[in-house]
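Per our numbering, residue 22 is the first one in the first sequence, and the count goes up by one each step.
To be clear, the hints were calculated from the coordinates, so they are not data collected in a lab.
These figures come from a predicted structure and were not determined experimentally.
All residues carry an ideal CB built from backbone N, CA and C; glycine is no exception.
A couple of the hints might just be wrong.
Distance ranges between label pairs, derived from CB positions [claimed, not checked]:
| hint | residue 1 | residue 2 | range |
| --- | --- | --- | --- |
| 1 | A540 | P204 | 27 to 33 Å |
| 2 | L82 | K640 | 40 to 46 Å |
| 3 | S673 | H502 | 30 to 36 Å |
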Amino acid sequence: MARVLVDVPLAHLDRPFDYLVPERMAAAAVPGCRVRVRFAGQLTGGFLLDRVAVSEHPGRLAALERVVSPEPVLTPEIAALAREVADRYAGTVADVLRLAIPPRHAAAEAAARAESTPGLRAASAPRSAPGAPGEPGSGPAGGSLPPRPEPGPWERYPAGPAFLSALADGRAPRAVWTALPGPDWPEEIARAAAAAAAAGPGALIVVPDARDLGLVDTALGRVLGPGRHACLAAGLGPAERYRRWLAVARGDIRVVAGTRAAMFAPVAGLGLVVVWDDGDDLHAEPRAPYPHAREVLALRAHRARAGALIGGFARTAEATNLVASGWARALAAPRDVVRRFAPDVRPAGDDAELARDEAARSARMPSLALRTARAALDRGPVLVQVPRRGYLTAVACERCRAPARCARCGGALAVEAGGAPARCRWCGRTDPRWRCPACGHDRVRAVVTGYRRTAEELSRAFPGTPVVVSGGTATLGSVPHRPALVIATPGAEPLVAGGYAAAVLLDGWVLLGRPSLTAAQEALRRWMNAAALVAPGSAGGTVILVAEAALPVAQALIRWDPVTHAERELAEREALGFPPAVRMAAVTGSAAAVAGFLAETELPPQAEVIGTAPAGEDKVQALIRAPRRGGLALAAALRQAQAARTARKDASQVRVRLDPAGEI
DNA sequence: ATAATAACGAGA
DNA sequence: CTCGTTATTATC
């Protein structure tokens, strides 16, 4: 007999089912393999969890229809992890496995079978049971492991070398890392992975996007040597994707880097997990049960007793909470070292000066920014960070089409999508009594602005300087180190060897004005990620921030102190009762469906429905709060309510998300 | 989807 | 009371 996880989306069927194993399938039906079974009359896919001698099921058992392949794609660690993630996020194991195990590619599997010779696989260390701590210096015999790496750039952090040697000794250190600005972070991640690999175990690195993955890939190749690591990324194509994933599942490759989906990669003998830039919302999986890479990797580090390295240039409240709870230690450089590597950050300056500068007005850029950029262009490229296309629309006089400007400081007025009153792009002020200075009309209309328009305006202000644009689908990976204006949206900033000579961060209020709990944290993260690409202040690197300088978030950038800002943020959320200080759940659906769902949910003690608010097209969202300790009980209650719904074939859609990032 | 089971109602 | 039909429910 065999226990099978059947791929059905129904919450009340989220458990294994027993099947008979026909004699002719006995050899192929190994734990972890894919099977086809008849389930409620239909042929469905599933994973064979394990073989059992007796069944609890009182009725008659059906037999397996087919063993799809004897390849054990569902390892015990991933099966247990999927259960844990499903419990954590009020989802089903089947949903998690859809995220965790890539679609089978028969040709890739056959090719991999021939390639992965028995001799090679025997030489790699046996898969240790989850939780088995590696003994110091233990590992596969044969001396094929890389030597313990030098700390290299980790020397810049007081605790850096100790962190690496703890990894190399298999002591599973956990750190929340505030990376120094500059280009060294991929090297630091690679050295941490190498240190873990020196102790025998594997390492798993998750980064937000393909650009960062490319950097980590290169660094891993340099530190580990060829053929010792694999990259798992979306957009590889089904065959290549499955081929690499299989090499990992078979234990042939033990150091894995990838984007979000790689958080479930079945790395053998996990000794280190790394999450880079954990505040990036790309780390949040948009498909049910909406797991977050930081949370999943923290769970895995805990399960496998592996080391953990979670960080970026900025610091999230969530990572800060990991430090506050004692789960991880802070890993950061002292102030004098930070000052050596950070660029000079200055606020854009006084309004009065801006209004007089005609060139600044035509470039829609404050005059200090303009002067800084002009001076810096002698030394190299200058980065201009502007909010995402479509985010912001400039406005003009409805009658005479003259561009609308702020009466106070002369900055261009603009509106966000959504119909809020126009605001100044420099000082963020609204002006309800605005009148066109040219014709006296008092109404404005939107004018289309995009990259091209911004690029044109900047070209005029910087005659003879090349202007390049990066954002959206047309993202540049890097630009050469020569004078140019580089206009980019947050997250799409091209890299440049030696760093930008300067950067201008425009439209700060747009990021800060977002109606989100995480607006300030997210603004700081985006600013720091751009500013980290600029040369150090000692080499003339300067960043001009166009935002209200008195705001704590602006001060955090100016002083390059993400930790204090994140600690303050966490304290505020504790006071307000928001994540990560508490566990939050969002229940979304039609008003009737959500009300019915809440009515039949037996919330655990201390959990409370905060309220229900409209959420888009005839939908509402209810928010439920519970103490962190009660998070699992809350998820279990919500899961049970979902199970009751699916059991009675309720057609209405209700979506349950735990800790919905950035949406509250 | 489908099969087992419960519920129901008409005719003996 | 029994048989045939229809709703319900569980899904190995």
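Okay, the hints, checked on the actual structure:
no.: 1; hint: A540 - P204: 27 to 33 Å; result: holds, 28 Å
no.: 2; hint: L82 - K640: 40 to 46 Å; result: holds, 42 Å
no.: 3; hint: S673 - H502: 30 to 36 Å; result: violated, 57 Å
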